[in-house]
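Chain X is already provided as a structure; the job is to place chain Y on it using the hints.
Number of protein chains: 2
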Amino acid sequence: MNGFDLTINNLLETAVMNNGDQKIVYMDRSLTYKEFYKNAMNLSKNLIKIGVNRKDVIAVIDYDSLMYMYGYYSIPMIGAVMHTVNIRYPPEIIFYTMQRADDSYIMIDEVFMDLIVKNAAYLNFIKGIIVNSKDHKHFDINIPVYYFDDLLKDSDLEFKEPDENDTATLFFTSGTTGLPKGVSFTHRQLVLHSIASIGALSNEPIKYNINDVVMPLVPMFHVHAWGIPYTSIMNGIKYVLPGKYDIPRILETMNKEKVSMSAMVPTILYMLISDKNAKQLLQDLNLKVIIGGAALSRGLAERARAYGIDVVSGYGMSETAPILTLAVYNRKVINKSDEEKFEFRLKTGIPIPMVSLRVVNNNKDVENNGKEIGEIIVRAPWLTNGYIKDKEKSEELWKDGWLHTGDLAVIDEYGYIKIVDREKDAIKSGGEFIPSLILEDLISTIQGVNEVAVVAKADDKWGERPVAFINGNASLDEIKIKMSEFVDTGRIAKFWVPDDFIFVNEMPKTSTGKIDKKVLRDKLR
Amino acid sequence: MNGFDLTINNLLETAVMNNGDQKIVYMDRSLTYKEFYKNAMNLSKNLIKIGVNRKDVIAVIDYDSLMYMYGYYSIPMIGAVMHTVNIRYPPEIIFYTMQRADDSYIMIDEVFMDLIVKNAAYLNFIKGIIVNSKDHKHFDINIPVYYFDDLLKDSDLEFKEPDENDTATLFFTSGTTGLPKGVSFTHRQLVLHSIASIGALSNEPIKYNINDVVMPLVPMFHVHAWGIPYTSIMNGIKYVLPGKYDIPRILETMNKEKVSMSAMVPTILYMLISDKNAKQLLQDLNLKVIIGGAALSRGLAERARAYGIDVVSGYGMSETAPILTLAVYNRKVINKSDEEKFEFRLKTGIPIPMVSLRVVNNNKDVENNGKEIGEIIVRAPWLTNGYIKDKEKSEELWKDGWLHTGDLAVIDEYGYIKIVDREKDAIKSGGEFIPSLILEDLISTIQGVNEVAVVAKADDKWGERPVAFINGNASLDEIKIKMSEFVDTGRIAKFWVPDDFIFVNEMPKTSTGKIDKKVLRDKLR
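If you're matching them up, the sequences are chains X and Y in order.
Under my numbering, the first residue of the first sequence is numbered 12, with each subsequent residue one higher.
Under my numbering, the first residue of the second sequence is numbered 12, with each subsequent residue one higher.
Treat identical chains as interchangeable: a pair holds within one or across any two.
Here are the simulated DSS-like pairs of lysine-lysine, each with C-alpha atoms no more than 30 Å apart in a straight line:
(1) Lys45 with Lys218
(2) Lys34 with Lys218
(3) Lys525 with Lys493
(4) Lys505 with Lys352
(5) Lys267 with Lys347
I should point out that these hints are in silico values taken from the structure, not numbers from a laboratory.
With the rest of the complex left out, here is chain X:
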């Protein structure tokens, strides 16, 4: 009798009941949750009308638009699957993922249509394309085209709601090594991820609440934009969609909409505060920013503080929906001084509710001493069951019933995890790990260092030795003096000091904006 499944349908319906007049803002448009719900339901129904069936996969190709937000809801609500396509992949990889995902429809903005029209030959498995085009532009393609705004028109079709264990979303991991791997998530997983996130985000210093205005700067194709499109609506928060990441316009929108909360990778934060108007536009916002996707360096965090930005680290993976930890304050830390607390925000954090997390070395949990390094393994109700069409890698991921993150970390006496390396990025010199993230963190604090990456170089004697790539105008002498200081003050071991410091004008980046260490390692061969 009591049929309340953990579905996106129920999440949205309840949110609209409780906060129907809260707003969603995109460019010059502003609509209430209630209006959004009405449109989303119409889109759901009209998708069925044009032929979309349960379990059909719809590829969404767009910037962070209002259409994308509808996709997050309307597609899963009819039991179909939203494939959030990584638009930063090269075309061949995009088509590879679309084929591997068994996409049958595409929802796309007209600005990306060139890509599709030119490559229609590779897309013979696509049954229809839904295009957002204000003027209903004509496209020369042999696949049926529907216009997005037509699909928002009133419809009174009735449809069966999905089960909570139906797949809702799928996407591909950024794949720094080899071809991207697909992961999928069910309605239930997304709802549980949202409700647990709300619990964690309510802690100091984030205190995410109904007075916040959120504008995530995590692309919507990237791990559910860290769940924020679901978490925030569930929590009744005003949501501002950024569109294409045009930094000056984003800063102006933040200022105009009084954005109080955002989330982004360090690179975007770096770009935001490097804009000439950043100080003027940001300083009154007291912006809280969740940083994830890559480690938050102390240098960047300190620079952000000067702009009134409070940063907090988070941690997760494509495989984990994504949030596993947040560097909010626990009871052992909350009464420390502001300066001390700042240190904790730079750590990887503490597990959010319902996350079981261990750091293990040779099948044994490491000591909480901030020194012993082990791999992070996790259990939680929202982890992917495995990789699409890849049994072997799925079993590897889930060996012994725990998801193996491949991230190396330590835990301190306060229970905070700090990632010291990716297992595959690890540098092993003379049989000892050299934690590249700790080195990068320290080097980032040196005047004139904008970005830094430390990678392994093959070495006959030691196996591997660290080399640092630096983007910035720091002087090599100054860096070497600082490195000696770090050694003298006991912050790093002498053998950790990189053998070389190589200056570059630009860092190679992966499709999700992280520094691509694979490319850097290749340069050293």
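Relative to chain X, chain Y alone:
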């Protein structure tokens, strides 16, 4: 592969991983979550050893003790069912509920053993009794007796964990009319109720967080003590168990343990602040108190404020696990003045996450105007599926796929619900509802009124007319003057003024401490 069920087992395991050194306090004992977990696991295993099977029901009969806390975890963790027996029922009703619940074991403190020993003849369906008795006292009874502390001894038995849809708890509703009705809840329902509660409690003015020390004063036999034994452990909060409700000792414990958060029915709050040492012991605590079980009157809330107590209303039922709403601030209210916000805390509140709530009159949602009265109907992932062994009442409860609360309410323009009456307590005069709770709320503010209840009296002309019962030393003249004022200032309609004001020395109470209006109505016959 990804076997993370929403079970009490996983809830506890994760809590211990994340906050293993947090404390649980009972009388002169204090133990860490980690120690609690070890003991709870041993108890689980030893319960299996003495013969407890999956799905067996264990009746717990005790005050709010540490043993009870173990029961909340150890019993469901092996797939057995905890029956929280209402110790305020008369013995015949207790045995009726135990039989109807199919109890097969009893977990009990020695102070209650008299009841069992004397009535052993009625308990031939019980296979074993686990007694908490420090001196292993002998009991003259023909049922196997085990001693609680023996069952905490180390055991290395392995057992299969329950499924999230297995029943974890059951208990009986207080039953102001007719025999008590049984309701049950699954692991999944309890876990979802906990995580949603954390989300709601994180809002202003409660801001429940890791710095809190909680001491619930809701009996553990009463609707999972409103879920606090699960919610608080999940949230990593210091937990103080009150034992038997001895007001002076409770006040001293609150002071000593620096309790910052509690939950109780209005009667208990009234008793707490009526103690002669209340002011001295409470005033530095800034105690936050959730009030539920009955409406919070303005008079009591104002008196509590003088003791540094911030009260917030909550609402729920036995059938709903229980929490449905909390009177925390939403974004429309949070920026109002403190005086205005105080008014909102007295309301029934706003739905917590994942609760769909409607107020309907003749199958139509009422307007958000604070005037139109309808019945509250709800959906949420933690509502009971129905009454034990009572198909007819279950169907009535769940007609049209919504749980019908039987509570009459209005919604204001801010989205806050305010219950104006129980459907069965409603007074209908000349075809119009007279909301007894609004009358009681106003009368409670009159000097010298300690408790008040307004009930219906049969009337030849009007059908029913209101009569007020009052406990206190107010003068009848003063009351009548105030009632005229309430009418003159438009706060109540003239025809709402009770025909009679009857003074009593004590209010009749139900087993859960609510005023028993049925007894009062009977007095008027």
